[in-house]
Amino acid sequence: MSSYLSVRDLKVHFPTVDGIVKATDGLSFDLEKGRTLGIVGESGSGKSVSSSAILGLHRKTSAQVSGEILLDGTDLLKLSDEQMRRRRGKDVAMIFQDPLSAMHPYYTVGNQIGEAYRVHHNVSKKAARARAIEMLDRVGIPQPDRRVDDYPHQFSGGMRQRAMIAMGLINNPSLLIADEPTTALDVTVQAQILDLLQDLQKEFESAVIIITHDLGVIAEVADEVLVMYAGRAVEVGTCKEILTHPEMPYTWGLLSSVPDVSGDTNARLIPIPGNPPSLLTPPSGCAFHPRCPHRDKVEGDLCVTTLPELAPGTRTETHLKRCHLTNPDAVYEREVLPEIAPDLVEEER
Amino acid sequence: MNDKHGDDKLTPLPATAGFLPQDDPISRTEDPVDADEIDYLSPVEGHAASVANPDAKAIIEVRDLKMYFPVKSSSVIRRTIGHVQAVDGVSFQVPEGGSLGLVGESGCGKSTTGRLITRLYEPTGGSINFNGRDITNISSRQLKPLRREIQMIFQDPYTSLNPRHSVGAIVGAPLAIHKVVPKDKILPRVQELLEIVGLNPEHYNRYPHEFSGGQRQRIGIARALTLQPKVLVADEPVSALDVSIQAQVINLLQDVQREFNIAFLFVAHDLAVVRHFCPEIAVMYLGKIVEIADRETLYNRPNHPYTQALLSAVPDVKQAAIGGRRERIRLEGDVPSPINPPSGCRFRTRCPIAQEICARVEPPLLQIGQRHKVACHFAGELGQHPDRPVTTGLLGVDDSGAPDPGATPSALAADEPGYSDTWFDLERKTMASA
Chain A
1143 MSSYLSVRDL
1153 KVHFPTVDGI
1163 VKATDGLSFD
1173 LEKGRTLGIV
1183 GESGSGKSVS
1193 SSAILGLHRK
1203 TSAQVSGEIL
1213 LDGTDLLKLS
1223 DEQMRRRRGK
1233 DVAMIFQDPL
1243 SAMHPYYTVG
1253 NQIGEAYRVH
1263 HNVSKKAARA
1273 RAIEMLDRVG
1283 IPQPDRRVDD
1293 YPHQFSGGMR
1303 QRAMIAMGLI
1313 NNPSLLIADE
1323 PTTALDVTVQ
1333 AQILDLLQDL
1343 QKEFESAVII
1353 ITHDLGVIAE
1363 VADEVLVMYA
1373 GRAVEVGTCK
1383 EILTHPEMPY
1393 TWGLLSSVPD
1403 VSGDTNARLI
1413 PIPGNPPSLL
1423 TPPSGCAFHP
1433 RCPHRDKVEG
1443 DLCVTTLPEL
1453 APGTRTETHL
1463 KRCHLTNPDA
1473 VYEREVLPEI
1483 APDLVEEER
Chain B
520 MNDKHGDDKL
530 TPLPATAGFL
540 PQDDPISRTE
550 DPVDADEIDY
560 LSPVEGHAAS
570 VANPDAKAII
580 EVRDLKMYFP
590 VKSSSVIRRT
600 IGHVQAVDGV
610 SFQVPEGGSL
620 GLVGESGCGK
630 STTGRLITRL
640 YEPTGGSINF
650 NGRDITNISS
660 RQLKPLRREI
670 QMIFQDPYTS
680 LNPRHSVGAI
690 VGAPLAIHKV
700 VPKDKILPRV
710 QELLEIVGLN
720 PEHYNRYPHE
730 FSGGQRQRIG
740 IARALTLQPK
750 VLVADEPVSA
760 LDVSIQAQVI
770 NLLQDVQREF
780 NIAFLFVAHD
790 LAVVRHFCPE
800 IAVMYLGKIV
810 EIADRETLYN
820 RPNHPYTQAL
830 LSAVPDVKQA
840 AIGGRRERIR
850 LEGDVPSPIN
860 PPSGCRFRTR
870 CPIAQEICAR
880 VEPPLLQIGQ
890 RHKVACHFAG
900 ELGQHPDRPV
910 TTGLLGVDDS
920 GAPDPGATPS
930 ALAADEPGYS
940 DTWFDLERKT
950 MASA
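Just so you know, the sequences run in chain order A and B. The opening residue of the first sequence carries number 1143 in the working numbering; numbering runs sequentially from there. The opening residue of the second sequence carries number 520 in the working numbering; numbering runs sequentially from there.
Hints are computed from structural coordinates only; laboratory data are not their basis. Check each hint, because a few of them may be wrong.
[As the list claims (entries may be wrong)] Derived DEER-like restraints, expressed as beta-carbon distance ranges: (1) P1157(A) / K704(B): 47 to 53 Å; (2) Q1206(A) / N681(B): 36 to 42 Å; (3) T1456(A) / A953(B): 49 to 55 Å; (4) P1247(A) / G601(B): 21 to 27 Å; (5) E900(B) / S1208(A): 55 to 61 Å; (6) R1476(A) / S939(B): 47 to 53 Å; (7) G1176(A) / L901(B): 30 to 36 Å; (8) Y1293(A) / A692(B): 52 to 58 Å; (9) E729(B) / N1264(A): 35 to 41 Å; (10) P1157(A) / P682(B): 26 to 32 Å.
[Said to hold, decoys possible] Computed far set for chain A versus chain B, every beta-carbon distance over 12 Å: (11) R1150; (12) R1288; (13) R1457.
[Stated by the list, open to error] Computed far set for chain A versus chain B, every beta-carbon distance over 10 Å: (14) T1203; (15) S1243; (16) R1289; (17) T1468.
No residue lacks a Cβ here, since even glycine has one placed at the ideal position from N, Cα and C.
Modelling step: build the complete structure from the supplied sequences, incorporating the hints.
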């Protein structure tokens, strides 16, 4: 109970004409202050839906949200709309993926950043503007006192993303959610933004959730990793554990389907067969079983009939995985590693 | 190619089948793959990185290619007030059946270069040779037969397919336009193509919205393959796709390249994907090639400070997994405007090692290895950049970039596509050969 953010059995269901879409189905995780949690998964795995639930963005929609979201001991789901409004943007802030559509084209950047401050602080427009300039300077925008009066379209992609970060951080939030903060950016700008986020996190001691599908970004910034598939967590652990000793075939699939800039060129690119499942009619048992190449190593029809528990793996108590495989390490080292990193296997011999 | 679709038409349906929602449109868009299309049993085929054939001759040769887009004033009389120098003097070769990767940040002119090769734009200057024939300024009538040889795969599979046309019409259109096969043979050919790209041939009468992103990109690839082109320009073919799907499409592209001996110009910003697909890679910055080399040289021994910065910025999963984290070179600021690019070397405004000469003289794209060219006055491996410019003797200038009356400029600086047998050895400052 000591964790700063504690999400328990979060469910976000969307009723549609054709049935209930279970976008998030029983998600639990904890996050301490000053730590970064990376959430990875394909589109439609429920990453973004879960995080917008933390911000209470499903309140005025038809979505059914259940479970507990404890922030510093308070259940955010039990707050009234007015109480949530006072916290949103102040204690919990979000950086959205696409800054061009997240900013209003008719208002200046400074106006929008200042508004985020004025909503939570009783200050004059002038003071808010000064604070906006300070934040723009903080995120590394040159000549902030001039650029503050620019409109979003006058900023480049990297600058817009910086402005979004300035807006997210203006109230020193203790929990920052960054939804694909660098997906639309070039690698050099991405590196700048990730550095900036880490610097600011150190300064403000915030808890950060980074949502991405890029394992490289995860490797750079995350302390802990949560791998999501079809609305559920399938593997949780520290960044190093997940990247060096993954125990869930979906994580293996993610690792073996992305090429690497420094790896062996004999490494094979092995795609995950098929497509992400429909959340309307998810597969029975383990949702990954239709695409899992290691299903035959589990006795009987267990994968098809029974949903595996999110249980501690073979190594540490904190490394959780949702899989029926009993000897994942052996399978990984024998079958997966030689294909994706032949150089590492050679070295060990 | 691979028989992924079973004989589903022959399997008798269970008795309850009639009562179940068979063709529910929502679940179809959510999960467009028929269960019988996924191959559960056979092992998933993985592909290693593509390799180069050193003896292949060039099928595309580009020399000093330029593309300037006019910038018009906003007054009633729309005068040209400047030019966006999107591509400014680019030379390279694409070997037959091989692939050249073009990488760089957005706005560096890599997509424009791709579109120039397909002649979607008319170049402002320079020349494009296809199979020894100059296609730089040929008319649209002359272009039509050429379209059969050079095709394109687009980035966004959602906007590059006409939503009102069925897959059969989309993939079959090139056959009808170019009248390659009689009308009644179009459908069998379309089905054959769909099978090649791993789609169910029976789906020819479906519409693009019924397919997922990865499947749509396969349709785009089938359309590009229809006329059996010799060159494919792939403009960010996988960037719009989910990670797990990217690998499927890259493997498919490698398959079709091997099977039909197609040359690829692979435009992408993802350095890891380009490394996997292309044995040879050119790095572009603000309309110019700053470094071009084979894969091993470019990724292990880059000589241009921009390439070094670019590579250090790529997050590296495997490095992080073994605990090593590379030192990142921070590039300050944004890419300058291509309307008014910096004088001399275009990278100098953000370059950590720029000196006076960089603002005065533009560095030539100098061959410094058997298959390695770099455009930098201070070319050298990371941390080993020379203190004095290496290019002065060749350009006839002194160390600060002012003309040096004592020196004679060398003809080496001429920017030729391809590589020559002799090159400038950086360490000995003399010519070397293999």
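Hints, verified against the model:
A hinted range of 47 to 53 Å holds for the C-beta pair P1157(A) and K704(B), which are about 49 Å apart. The supplied range of 36 to 42 Å is met by Q1206(A) and N681(B), whose beta-carbon atoms lie about 38 Å from each other. A C-beta distance of roughly 53 Å is found between T1456(A) and A953(B), which places it inside the suggested range of 49 to 55 Å. Taking 21 to 27 Å as the suggested C-beta distance range, the pair P1247(A) and G601(B) conforms, at roughly 25 Å.
Under the hint 55 to 61 Å, the C-beta atoms of E900(B) and S1208(A), about 58 Å apart, fit the expected range. Distance hint check for R1476(A) and S939(B): the Cβ-Cβ separation is about 48 Å, which falls inside the suggested range of 47 to 53 Å. As the Cβ distance of G1176(A) to L901(B) is approximately 33 Å, the hint placing it in 30 to 36 Å holds. Distance hint check: the CB atoms of Y1293(A) and A692(B) are about 42 Å apart, inconsistent with the given range 52 to 58 Å.
At about 54 Å, the beta-carbon gap between E729(B) and N1264(A) misses the expected band of 35 to 41 Å. Taken as a hint, the range 26 to 32 Å holds for the pair P1157(A) and P682(B), whose Cβ atoms sit roughly 28 Å apart. No beta-carbon of chain B is positioned within 12 Å of the beta-carbon of R1150(A); the least distance is around 28 Å. Non-interface status of R1288(A) relative to chain B is upheld: no Cβ of that chain comes within 12 Å, the nearest being about 15 Å off.
The beta carbon of R1457(A) is kept farther than 12 Å from every beta carbon of chain B, the shortest such distance being approximately 15 Å. Chain B leaves T1203(A) outside its interface by the beta-carbon criterion, the shortest separation being 18 Å against a cut-off of 10 Å. Taking the minimum C-beta to C-beta distance to chain B, about 16 Å, the non-interface status of S1243(A) holds against the 10 Å cut. Every Cβ of chain B is farther than 10 Å from the Cβ of R1289(A); the closest lies at roughly 12 Å, confirming the non-interface assignment.
Every C-beta of chain B lies more than 10 Å from that of T1468(A), the closest at about 21 Å, which supports listing it as non-interface.
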